[in-house]
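Student: Using UniProt numbering, read the sequence shown as starting at 1 and increasing by one per residue.
Any given hint could be a false lead.
[Unchecked claim] Ranges between beta-carbon positions, derived for each pair: (1) Gly24 x Gly129: 20 to 26 Å; (2) Asp185 x Ser50: 32 to 38 Å; (3) Arg61 x Gly142: 47 to 53 Å; (4) Ala6 x Asp145: 44 to 50 Å; (5) Ala6 x Ser167: 37 to 43 Å.
Just so you know, the hints here were simulated from the structure itself, not pulled from any lab data.
We put the CB at the ideal spot given by N, CA and C, even for glycine.
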Amino acid sequence: MVLDTATARQQVLDAADDLFYERGVQSVGMDAIRTASGVSLKRLYQLFPSKDVLIEAYLDRREILWQTMLADHVEAQTDPRERILAVFDFLYSWSSQRDYRGCAFINAFGELGAVSPRVAEMASRHKEGFRQALTQLAREAGSDDPDRLADHLILLSEGAITRAAISGSADPALRAREAATMILDASPTS
């Protein structure tokens with residue numbers, strides 16, 4: 001059976017997402033992607049001419065997933081302060097997932113950042129986008145210095161993401177939420 005382009009692409013991205021996130025981008029070869037996706041190697045290379053192109057598509061997909069999951073939590077809240085704390089609720093929910101392995105961008109950067117300027121740029125852009133989202137939430141909460149508050153919140157968030165991946169526990173997100181509450185209590189507002 002010949003798959004249409006959209007279906008084949010989806011199957012390859014599904015397989016790449018599972019394998020890259022579980023094992024890392026360097027340890028997974030195109031043959032493993034072929035086997036997991038059920039798409040022939042020839043078709044795989046027609047869709048993604050190189051592994052680098054596939055890694056970029058994987059990270060693009062992870063960016064959309066991240067933004068959607070984060071927005072679902074934040075937008076469920078109406079109180080500006082609770083919207084900030086919802087970030088940490090999201091981190092707890094995400095890091096509670098059975099297959100949680102931390103941030104795909106940090107993982108890919110750790111593996112390829114020194115040799116792939118494109119992966120380094122994508123990771124940097126992802127983290128800056130998160131920082132900007134936190135800055136906007138801080139601004140909406142009336143912070144006198146939303147950039148500084150966002151810097152504090154992103155350090156808590158990134159620490160929770162990494163610590164949860166290493167420890168295998170979602171508890172770091174709970175501790176980060178507690179710390180964020182203390183920071184918010186101590187932060188001047190307009």
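Student: All hints, please: hold or fail.
Tutor: Tested hints:
The hinted window of 20 to 26 Å between Gly24 and Gly129 holds, with their beta carbons roughly 23 Å apart. A hinted range of 32 to 38 Å for the beta carbons of Asp185 and Ser50 is inconsistent with their spacing of about 50 Å. Checked against the hint of 47 to 53 Å, the pair Arg61 and Gly142 fails, with Cβ atoms roughly 35 Å apart. Between Ala6 and Asp145 the beta carbon distance is about 46 Å. The supplied range of 44 to 50 Å therefore holds.
In this structure the hint that Ala6 and Ser167 lie 37 to 43 Å apart at CB holds, the actual value being about 39 Å.
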